[in-house]
Amino acid sequence: MAEKRLDEATNTETVGHEWDGIEELNTPLPRWWLWTFYATIVFAIGYCVAYPAWPMISGATEGVLGWSSRGQLQNELDAQQAARARTVAALADMPIEQLPDHPELMRAAIAGGSAAFKVNCVQCHGAGAAGSKGYPNLNDDDWLWGGDLKTIETTLIHGVRQPGDDQTRQSMMPNFGADGLLTPEQVGQIADYVLTLSGKARASASSQQGAQIFADNCAVCHGAAGKGSRQFGAPNLSDAIWLDGGRREDIVAQVTRPHHGVMPAWGNRLDPVTIKMLAAYVHSLGGGEDFAETPAPPDTQPTEAE
Amino acid sequence: MNKPDPIKTQDRPVSLYAKREPVFNRRIDGKFRRLKWAIMVICLAIYWGTPWLRWDRGPYAPDQAVLVDLAHRRFYMFGIEIWPHEFYFVAGLLIMAGIGLFLVTSAVGRAWCGYACPQTVWTDLFQHVDRFFDGDRNARFRLYKAPWGPAKIARRLAKWTVYLAISFATGGAWIFYFADAPTLQQAFWTGTADPVAYATVAVLTATTFVLGGFMREQVCVYMCPWPRIQTAMLDEKSLIVTYKDWRGEPRGSVKKAGKNPGKFGDCIDCNQCVAVCPTGIDIREGPQIGCITCALCIDACDRVMGETGRPRGLIDYATLEDAEREKAGQPPTRHLKLIWRPRTILYFAVWAGIGLSLLFLLGTRVHTDLTVAKDRNPPYILLSDGSVRNAYTLRLRNMQGRPRKMEISIEGLPGAKIWSDDVGMDGAGTKLTRTVPADETQSLRAYLVVPAGTPSQEFTFHLQALGEAREQDRAEAQFDAPGEQ
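Same order as they appear, the protein sequences are chains B and E.
So that you can map any letter, position 54 of the first sequence is 54 in UniProt numbering, and since no number is skipped, the others follow by simple counting.
So that you can map any letter, position 53 of the second sequence is 53 in UniProt numbering, and since no number is skipped, the others follow by simple counting.
Derived by calculation from the structure, the hints in this document are not laboratory data.
Some hints here could point you the wrong way.
Claimed, not checked - Only pairs whose alpha carbons sit at most 25 Å apart, straight line, appear in this in silico SDA-like list of lysine to any residue: (1) B:K227 / E:M425; (2) B:K200 / E:P414; (3) E:K374 / B:A203; (4) E:K374 / B:K200; (5) B:K200 / E:P455; (6) B:K133 / E:G98; (7) E:K417 / B:Y135; (8) B:K200 / E:R445; (9) B:K118 / E:P414; (10) E:K417 / B:D290; (11) E:K337 / B:D290; (12) B:K200 / E:P332; (13) E:K374 / B:G128; (14) B:K200 / E:P482; (15) E:K374 / B:Y135.
To be verified - Beta-carbon label-pair distances, calculated as ranges: (16) B:L25 / E:Q218: 50 to 58 Å; (17) B:G59 / E:Q218: 34 to 42 Å; (18) E:R395 / B:D101: 51 to 59 Å; (19) B:R230 / E:R395: 35 to 43 Å; (20) E:E236 / B:L25: 54 to 62 Å; (21) B:R107 / E:A373: 33 to 41 Å; (22) B:E76 / E:C224: 54 to 62 Å; (23) E:E411 / B:R230: 36 to 44 Å; (24) B:G59 / E:W48: 58 to 66 Å; (25) E:A169 / B:A9: 29 to 37 Å; (26) B:S69 / E:D63: 30 to 38 Å; (27) E:P59 / B:R107: 38 to 46 Å; (28) B:E76 / E:D63: 37 to 45 Å; (29) B:E289 / E:G355: 38 to 46 Å.
Here the structure is a predicted model, which is why all the values come from computation and not from measurement.
Don't be surprised by glycine CBs; every beta carbon is placed ideally from N, CA and C.
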């Protein structure tokens, strides 16, 4: 080892290592850098004491501050809940018929319903509530069981075709074809007739046959003109909307062995406020109806400020 | 490797760190000093006074003349109100300020540094505080050298208290640009202002205290990028403070010069130019980055030249080119010619061009705006009668300080009817009228319905402020309908 000496060009001390005439210079870390490094060590020790740090066999050291990410989340959720408490309480006390009179509360309900919808309803009705074949579109103006706030709420609470719920939306279309109530030919004639109701097909000999069979078998629920009945959840057959498809073969299939949609009775799963919010949200999607019995529905008042 | 190392004899490596030499600049009076006073008063008056100017904007907008309302995202400047999406006006002003610096530099050198830069103004102010408490140059130097004792501590504490008061006033005034000044002042003193206000004041008080009270010229020499940029911008035609060495050298006192006439130059080596310099440089060493061209040395030298009966201007504003001409005995270039050259003209043209464009934009801008976002899930809704509905979220922007009635209509979508939640489908019509609150953007969910069989197509929403022909806006949108696409 050569003795310590200063490098000629830079006036820096050498560490004494030399390879083929190339020397290593002693260029220590800047002092502030070194102290910053020590400071990080001190910080790390403090951190390990204060926060969860060391993995143990089950779990980890807890840290004297008692902090945990799960606890932090819980705190934030609690704070959120506390912040919403007043609105939730007001919604709980408010009969849904009076909700349209309170625009602030209505807005809060719609916002809450939108969130609840994404958790509970999108699986069948879709993220945009547009439904799909067999699952009703909630945006349109066609309602199987009714589209005012109260009716939507009732449908939500009791569900559709839920056994064990007295008030559930219940109806059953016979398996006209499968159970041999009608022959396949008759079923076809009915389909031809039904297509004329909405103007999808012209009247023909077959449809005229079907008209009579319809009057005998179908009109009791769907009405003489095929306008449907909300009492039985019988779809309107004269409009443009087809829950289970609007082609002839779809109608034949439905008359032969009807598809019956079901929906859970949400009253058993969700609290009343959430259901109210869901009803408000579904009602707000563009097809919501006014209360039939209310003489002056509040939500048709023009809000124009003049 | 084994020959003796000449540098080894040094016991410490050469340090790159230069300790600050404190500056005790002497008081001086003169033409440029008075100009500096005037500019300082104007700058400080603008800074402290502006937030307190009132400007009546009616009942819907704040009445503070200059207000950066971050909370409500508005920028008010007298009769002008800027919305966030019009921030290019502010960007344009900043670009103008930048190019303005270039323009000033190419026309009159480092005038910004010497007179108007906040660092210069506040340093000047603090140096006057020094002079008030500790006396002029020599007294301050003596006090600096004196050991710490009760008297010195008392003086220093008193001075630093005044520093702190000025710093607090400086930092404190800043926040008034961002909220209603009288209200905020009251809230500030009663302790109810936003914590951000206190934090801002604390930070700015600290920076003013440190930068103005202690770092001073080091900011210009080490921290500020502008002097570095300026060194690249200055050329032989730039106005700088010049010591005319051909006239001054060799230096000699009046006595020496009197004994040997003709042997000495005009500089009597009185060092007054160094004594008055706020950055502590010797201008006789030539142009340097520490020179902010405040021209106090010109004042000092002119006075000495006057007292000794020599012509003024031994130190003077001059371009390097002029200095050469004067040295050769030619007359100096006229001032107008100094300024009237391609570089300054170009800078001025760009600067004025941006300014005029901004003014034009300001004069022609429309205070009404419409944006449209289509619901895409679902893209369309088939209604029971076969008609098709699309939903849109419209945002109507009213940029004026009064509620305005606006009408939304549809162009290029035959048979379309529009309605919104508050009107209801029964009230659907070809137009929708809304009153948009003053100075607000109103969000509106609108439904459009077209008769069965209408294909998907593009169309236009048209927004018209009623009674104002020019105040309108259009937004393209897509209408989706079932069918092959």
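Tested hints:
no. : hint                        : in the structure
1   : B:K227 / E:M425             : holds, 21 Å
2   : B:K200 / E:P414             : holds, 24 Å
3   : E:K374 / B:A203             : violated, 40 Å
4   : E:K374 / B:K200             : violated, 30 Å
5   : B:K200 / E:P455             : holds, 18 Å
6   : B:K133 / E:G98              : violated, 64 Å
7   : E:K417 / B:Y135             : violated, 28 Å
8   : B:K200 / E:R445             : violated, 33 Å
9   : B:K118 / E:P414             : violated, 35 Å
10  : E:K417 / B:D290             : holds, 20 Å
11  : E:K337 / B:D290             : violated, 82 Å
12  : B:K200 / E:P332             : violated, 98 Å
13  : E:K374 / B:G128             : holds, 13 Å
14  : B:K200 / E:P482             : holds, 15 Å
15  : E:K374 / B:Y135             : holds, 24 Å
16  : B:L25 / E:Q218: 50 to 58 Å  : violated, 31 Å
17  : B:G59 / E:Q218: 34 to 42 Å  : violated, 54 Å
18  : E:R395 / B:D101: 51 to 59 Å : violated, 27 Å
19  : B:R230 / E:R395: 35 to 43 Å : holds, 37 Å
20  : E:E236 / B:L25: 54 to 62 Å  : violated, 43 Å
21  : B:R107 / E:A373: 33 to 41 Å : violated, 19 Å
22  : B:E76 / E:C224: 54 to 62 Å  : violated, 45 Å
23  : E:E411 / B:R230: 36 to 44 Å : holds, 39 Å
24  : B:G59 / E:W48: 58 to 66 Å   : holds, 60 Å
25  : E:A169 / B:A9: 29 to 37 Å   : violated, 53 Å
26  : B:S69 / E:D63: 30 to 38 Å   : violated, 48 Å
27  : E:P59 / B:R107: 38 to 46 Å  : violated, 26 Å
28  : B:E76 / E:D63: 37 to 45 Å   : holds, 40 Å
29  : B:E289 / E:G355: 38 to 46 Å : violated, 59 Å
Checked against the numbered hints above, the structure violates hints 3, 4, 6, 7, 8, 9, 11, 12, 16, 17, 18, 20, 21, 22, 25, 26, 27 and 29; every other hint is satisfied.
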